[in-house]
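Chain A is fixed; fit chains B and C onto it per the hints.
Protein sequence lines, in the order shown, are assigned to chains A, B and C. So the first sequence is numbered by this note's numbering: it starts at 127 and just counts up by one. So the second sequence is numbered by this note's numbering: it starts at 127 and just counts up by one. So the third sequence is numbered by this note's numbering: it starts at 127 and just counts up by one.
There's no promise every hint is true.
Chain C residues, not near chain B, derived (Cβ > 10 Å throughout) [to be verified]:
hint: 1; residue: PRO153
hint: 2; residue: LYS155
hint: 3; residue: LEU190
hint: 4; residue: ARG342
hint: 5; residue: GLN372
hint: 6; residue: HIS420
hint: 7; residue: ASN445
hint: 8; residue: ARG447
hint: 9; residue: ASN452
hint: 10; residue: LEU453
With a straight-line Cα cutoff of 16 Å, these simulated EDC-like cross-link-like pairs (lysine to aspartate or glutamate) come out [claimed, not checked]:
hint: 11; chain 1: C; residue 1: LYS159; chain 2: A; residue 2: GLU301
hint: 12; chain 1: A; residue 1: LYS155; chain 2: B; residue 2: ASP443
hint: 13; chain 1: A; residue 1: LYS159; chain 2: B; residue 2: ASP443
hint: 14; chain 1: B; residue 1: LYS159; chain 2: C; residue 2: ASP408
hint: 15; chain 1: B; residue 1: LYS155; chain 2: C; residue 2: ASP443
hint: 16; chain 1: C; residue 1: LYS155; chain 2: A; residue 2: ASP443
None of these hints come from the bench; they were simulated from the model. Using N, Cα and C, we set each Cβ at its ideal position, and we do this for glycine too.
Listed here are the chains, written in short residue letters.
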Amino acid sequence: MAEARAYPLNTWYAAAWTTEIGRALTPRKLCGKSVVLYRLTDGRVATLEDACWHRLLPLSLGFLRGDELVCGYHGLVFDGGGRCTHMPAQQTINPSASVRAYPTVERHRLVWIWPGDPALADPELVPDFSRNDGTDWVGEGGTFVSLKCDYRLVLDNLMDLTHETYVHSDSIGDENILAAPFDVTHTDRSVTLTRWMTDIEPPPFWRRLLNRPGARVDRWQIVTFKAPSIVVGDVGVAVTGTGAPQGDRSQGVNGAFLAAITPETDKTCHYFWNFVRNFDRDNDELTAALTKGHVNDGKGVYDQDHRVLEAQQAAIDGNPRTPFYNLNIDAGALWTRRLIAELVARDTDAATMHAAAE
Amino acid sequence: MAEARAYPLNTWYAAAWTTEIGRALTPRKLCGKSVVLYRLTDGRVATLEDACWHRLLPLSLGFLRGDELVCGYHGLVFDGGGRCTHMPAQQTINPSASVRAYPTVERHRLVWIWPGDPALADPELVPDFSRNDGTDWVGEGGTFVSLKCDYRLVLDNLMDLTHETYVHSDSIGDENILAAPFDVTHTDRSVTLTRWMTDIEPPPFWRRLLNRPGARVDRWQIVTFKAPSIVVGDVGVAVTGTGAPQGDRSQGVNGAFLAAITPETDKTCHYFWNFVRNFDRDNDELTAALTKGHVNDGKGVYDQDHRVLEAQQAAIDGNPRTPFYNLNIDAGALWTRRLIAELVARDTDAATMHAAAE
Amino acid sequence: MAEARAYPLNTWYAAAWTTEIGRALTPRKLCGKSVVLYRLTDGRVATLEDACWHRLLPLSLGFLRGDELVCGYHGLVFDGGGRCTHMPAQQTINPSASVRAYPTVERHRLVWIWPGDPALADPELVPDFSRNDGTDWVGEGGTFVSLKCDYRLVLDNLMDLTHETYVHSDSIGDENILAAPFDVTHTDRSVTLTRWMTDIEPPPFWRRLLNRPGARVDRWQIVTFKAPSIVVGDVGVAVTGTGAPQGDRSQGVNGAFLAAITPETDKTCHYFWNFVRNFDRDNDELTAALTKGHVNDGKGVYDQDHRVLEAQQAAIDGNPRTPFYNLNIDAGALWTRRLIAELVARDTDAATMHAAAE
Chain A
127 MAEARAYPLN TWYAAAWTTE IGRALTPRKL CGKSVVLYRL TDGRVATLED ACWHRLLPLS
187 LGFLRGDELV CGYHGLVFDG GGRCTHMPAQ QTINPSASVR AYPTVERHRL VWIWPGDPAL
247 ADPELVPDFS RNDGTDWVGE GGTFVSLKCD YRLVLDNLMD LTHETYVHSD SIGDENILAA
307 PFDVTHTDRS VTLTRWMTDI EPPPFWRRLL NRPGARVDRW QIVTFKAPSI VVGDVGVAVT
367 GTGAPQGDRS QGVNGAFLAA ITPETDKTCH YFWNFVRNFD RDNDELTAAL TKGHVNDGKG
427 VYDQDHRVLE AQQAAIDGNP RTPFYNLNID AGALWTRRLI AELVARDTDA ATMHAAAE
Chain B
127 MAEARAYPLN TWYAAAWTTE IGRALTPRKL CGKSVVLYRL TDGRVATLED ACWHRLLPLS
187 LGFLRGDELV CGYHGLVFDG GGRCTHMPAQ QTINPSASVR AYPTVERHRL VWIWPGDPAL
247 ADPELVPDFS RNDGTDWVGE GGTFVSLKCD YRLVLDNLMD LTHETYVHSD SIGDENILAA
307 PFDVTHTDRS VTLTRWMTDI EPPPFWRRLL NRPGARVDRW QIVTFKAPSI VVGDVGVAVT
367 GTGAPQGDRS QGVNGAFLAA ITPETDKTCH YFWNFVRNFD RDNDELTAAL TKGHVNDGKG
427 VYDQDHRVLE AQQAAIDGNP RTPFYNLNID AGALWTRRLI AELVARDTDA ATMHAAAE
Chain C
127 MAEARAYPLN TWYAAAWTTE IGRALTPRKL CGKSVVLYRL TDGRVATLED ACWHRLLPLS
187 LGFLRGDELV CGYHGLVFDG GGRCTHMPAQ QTINPSASVR AYPTVERHRL VWIWPGDPAL
247 ADPELVPDFS RNDGTDWVGE GGTFVSLKCD YRLVLDNLMD LTHETYVHSD SIGDENILAA
307 PFDVTHTDRS VTLTRWMTDI EPPPFWRRLL NRPGARVDRW QIVTFKAPSI VVGDVGVAVT
367 GTGAPQGDRS QGVNGAFLAA ITPETDKTCH YFWNFVRNFD RDNDELTAAL TKGHVNDGKG
427 VYDQDHRVLE AQQAAIDGNP RTPFYNLNID AGALWTRRLI AELVARDTDA ATMHAAAE
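Next comes chain A alone, as it looks inside the complex (with noise of 0.2 Å):
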């Protein structure tokens, strides 16, 4: 039996901000998959097998006509659903001849596509990533494509945020994260990770953030993953002894990383991120500040992030040993990675049953 498919495909994966798609023809691999995208003239965006019927020439090397794209080889012409309608030279169109289109929807400010069975495409699956939605959050965050890792390593390090105190030790690292308690729940297509990390001096990050000097805070990271590959996490400290552990975080500040990781190919991954807040929404400078905390040229959190986790990959790819040895810190990440074997096995359910229908 050959190994499992380190993703799921029945499944809306992020693909691109939505700011990124418009008229120009935006190549990108996504599942293993070449793909096209491009904004139809109603506004919509489409997304093609990125490589002509005929020759395979990368559809994205052509240009647009209207809402059809035109192969910049021969001029085949497909339409949005990436049916053929035009042949050079001749008259009759053989009908079998199309492209592969993928369900596409945006929401949230991102493109999202469903690389499975389009007949189970139900755009209500998308996963709630709505504090990116820019209204009652903000915060402008980015895109580390092609990332070189296997997307699973990312959550993973999202899972775990112990990893802070030695990665992250000049921001939001703090030997207390080690010392809290953590609760780990899960349901069948979520894992949650709840840390209180009560009266204790707030890291550097936050104190600035908080600016109540002096002051001892309750510090919590309330991480949500959604099978397959988003991640919510809440986070923030308030006043110790305000009630924020009981539901009153009004004497704190509350922000959120956003992370959408979709898998390029078995080795490499795009990684949506955006780290937002509710307070201050209006001080445009905060938010470019943060924004810079976390990617700055190498300089940033998540800069430190990728330089660990491409790193792990060249290590996994160079002495590789199944599986991992876990600590008790990995429990997020374990339930994590089997929600998404489940989601995988379950494809091939799906496929099962759909040729044995046929």
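Chains B and C in isolation, oriented as in the chain A frame:
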């Protein structure tokens, strides 16, 4: 059964322009074989396996002593026929010590080598590439060394000029190419594609060369493939109604694109190209302009093909689908590939007979 | 049966110059294994597997805390013996948690590690490389890190100095090397090649060092291979007739090229080299000149070898032919490879016995 080889071996392939080969040692990979070319003192070109018999150091790192090549590591000496004539620190020479020598001829301003069975290497089999001689037809072409595509993709490209409409829309492309009927004929060693576009507006490239403002023209493309790797494309325009389709080209301008494409590996090739004409032959400025029109730092006609061909190969590698789907326009390319496949099969037969005879 | 390993494991290999290893974490790949070297507070050198037990992040990306190495991802701590002494956020330590520690000794100004069975790692087995000690013989060598060739190609090179005539024709090369007879002897762990060239014109390199204008010399090359990866080449010239061949070198100059070559992978190696002399030892200018004569931005003697060795490996990769053809001059190299093959076989036997005993 293994997949058939992409190219036959018992045939002549262009290895270099004659002007490229002098007393310097020129390494080149041809049909998967590393060879070194150099000119003997009598002016002939020798082509040897580029790996010393002893320890495989490329002989191209050595030096010439008269007609003999001295290995740069331990000083073994090989004559132009590949036979070892000197071994260091010993009197006796192993009589079997040699490197392979490839039959080599110069013709039509190119050096040709025969990578297959030397016993079959008849110089009379060098394909007619006489328009490259620099006499009746003039032009100064060049070489794409190590173009990153299967050489057959170049042949596909040249045997179907409808791509001009899309790839070269700013120069020789023309919607009329698509509208005009074409005819494909073949022998057992050649394929000829003929297309006449009568009574049309000349496209920009030909309008400039013809220099008959306002005239409508008859345009022709008569492209001949000579198996396995030569294409001669007779192309031109003449003023409509002056008899060109019937054979009188006196009121027109006539050029020819010449291509000798040699596999370097299964997925790379060397492309020796020229564009020649039989009019205004002493006009060096025009010669230079035509050369520049074809290859010009990424902006020439062949630069445009180059980009398409390499992108197509990359797409094939990332997205294997065999065989290609074909259109009516692919008739020339289909025959081309069929003749190549027959030559490859004939190689196998020759090898079998050879083995049986021993 | 799989192809035999290219190198034995139950042996000492040079890993670094002692001066290279301090409190910084130094990653290096040796015998296919990624290791990290660092100096403990008591001055000894520790060599650990460069991959955390937990999630494989290279430990070289972590930091030292006293004698212990802290992983830069989740803070696992390992002592100099590779045992995990701390795990984040938990009291209990998995008793099997450890990374591999390699026996390490410092001798002859080099750090040596034993990549095989630690139980067999007897420091007395470190080969005699005492001419590198910096006492009786002086010289300042260097390292080719990650030379792109099988380490045995370097041994071939050093065990047959006829190549000097061709590769180093401008310095130490001499046609006399080819003319002079040589003798090869061996034990079960060493091979010695002896060549005397009597009553010759000294080549440029030695003429300068001897500084006896007009004198003819006796030149010697006594090169000893110590399995599996050390070469000591005793070389020099003395005025002819003063008794050098009989043992009196007082009217001559004597140097030694020293080489410790360590496989990095099957096709790359690290080459620790030195050229030492026992005369004019306080002449730092001469020391610097000799170093520069060997490695000098591509122009030194070893730079010339470097170029040949990497080209040879590339040719082998592109043109596999096994075994090499051999000449008389290869007698030393042949014995060298035979002893290595015996050591590799002994590794297998040791592993078999080890398995049987369990």
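Results for each hint:
{"no.": "1", "hint": "PRO153", "verdict": "holds, 32 Å"}
{"no.": "2", "hint": "LYS155", "verdict": "holds, 25 Å"}
{"no.": "3", "hint": "LEU190", "verdict": "holds, 44 Å"}
{"no.": "4", "hint": "ARG342", "verdict": "holds, 21 Å"}
{"no.": "5", "hint": "GLN372", "verdict": "holds, 25 Å"}
{"no.": "6", "hint": "HIS420", "verdict": "holds, 18 Å"}
{"no.": "7", "hint": "ASN445", "verdict": "violated, 5 Å"}
{"no.": "8", "hint": "ARG447", "verdict": "violated, 7 Å"}
{"no.": "9", "hint": "ASN452", "verdict": "violated, 8 Å"}
{"no.": "10", "hint": "LEU453", "verdict": "violated, 6 Å"}
{"no.": "11", "hint": "LYS159(C) to GLU301(A)", "verdict": "violated, 33 Å"}
{"no.": "12", "hint": "LYS155(A) to ASP443(B)", "verdict": "holds, 14 Å"}
{"no.": "13", "hint": "LYS159(A) to ASP443(B)", "verdict": "holds, 13 Å"}
{"no.": "14", "hint": "LYS159(B) to ASP408(C)", "verdict": "violated, 53 Å"}
{"no.": "15", "hint": "LYS155(B) to ASP443(C)", "verdict": "holds, 14 Å"}
{"no.": "16", "hint": "LYS155(C) to ASP443(A)", "verdict": "holds, 14 Å"}
Hint check: violations occur at hints 7, 8, 9, 10, 11 and 14; the rest are consistent with the structure.
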